[in-house]
Amino acid sequence: MSDDHHHPSARTPIEDRVDALEALLVERGIIDPAAIDAIVEHYEHAVGPMNGARVVARAWVDPAFRARLLADGTAAIAELGFGGPEGDHMVVVENTAAVHNLVVCTLCSCYPWPVLGLPPNWYKSPPYRARAVREPRVLLAEMGCAVPDDVEIRVWDSSAEVRYLVLPERPEGTDGLDEDALAALVTRDSMIGVARL
Amino acid sequence: MSVSRVAEEGLADPSLPRDNGALVFDAPWQGRALAMAVLTVERTGRQWDDFRRHLIACIDDDPERAYWESWVVALDRFVHEVGAAS
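Listed in order, the protein sequences are those of chains A and B.
Using the working numbering, you'd call the opening residue of the first sequence number 2 and step up by one each time.
Using the working numbering, you'd call the opening residue of the second sequence number 302 and step up by one each time.
All the pointers check out, no bait thrown in.
Computed Cβ-Cβ distance ranges for the label pairs, DEER-style: (1) B:A328 / A:E136: 41 to 51 angstroms; (2) B:H381 / A:T175: 49 to 59 angstroms; (3) B:I360 / A:D20: 14 to 24 angstroms; (4) A:G145 / B:H381: 40 to 50 angstroms; (5) B:D361 / A:D73: 47 to 57 angstroms; (6) B:D361 / A:A68: 48 to 58 angstroms; (7) B:I360 / A:A39: 24 to 34 angstroms.
In silico lysine to any residue, SDA-like type, Cα no more than 20 angstroms apart, as pairs: (8) A:K125 / B:D350; (9) A:K125 / B:P318; (10) A:K125 / B:L317.
Here chain A is said to cover these stretches of chain B; the calculated rule only asks that three of the stretch's residues, wherever they fall, bring their Cβ under 8 angstroms from a Cβ of chain A: (11) 329 to 335; (12) 338 to 345; (13) 373 to 383.
Hint data in this document are derived by calculation from the structure and do not stem from the laboratory.
Keep in mind it's a predicted model, so treat the numbers as computed, not measured.
Don't be surprised by glycine CBs; every beta carbon is placed ideally from N, CA and C.
The following block holds chain A by itself, in its conformation from the complex:
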């Protein structure tokens, strides 16, 4: 974040204000610029549902990876370079024609950050946490995710020890798509299990 290459005419007052605040905070020794860059980098690029989507897309195109992913989620996800303190013990649960998986954290808001980014607000809400266990089918229907009656719903309670990721079913009619195109189809909600693709 060098200031040497800016064209002064292209800068806006708000950018100047941010710069001034940064200079002040740095001068007082409250923060250092490298820490700012690290956070920005992390949340702009390193974390987000796209990481999870890449894991899912790889599993769809590579049966051997899919087998490793279901056997040891943490290790298989690490093959793609994703991991960290909030993704230490990942368990991947696979949706099939007969089973739909749903992830919740009944105690708090445990969530696999390295693959899904920031948890949505509703994930932390008491009604979601309670109803996902008590009446998942009704809750899912209200969230716009109708699960056919003959499909079993399995609810997985995340904790600090184990964090779950749903492997959604590959949508029909996607045989011609490559891995990148497939990843673009995978939504955050489908990896929590509140949506079907």
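Given chain A, put chain B in place with the hints provided.
Chain B alone, transformed into the frame defined by chain A:
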């Protein structure tokens, strides 16, 4: 990289603009303003709510103002509050 509990709380602020769960920034200064708020809260031992109060007040002051501009005004106030106290 691991983030502290305070940082998690800030980064999970429900008012932040998102798309499919990922934060949305229209310009680099917005991401920096977010990181600065998180770090200032963390390094001064404050609570996320101490910053959030300013953010809510700044949005209330001028609801038409762009979200991230209100954020910067709130950050300015918060930094000065922290500075005055330290």
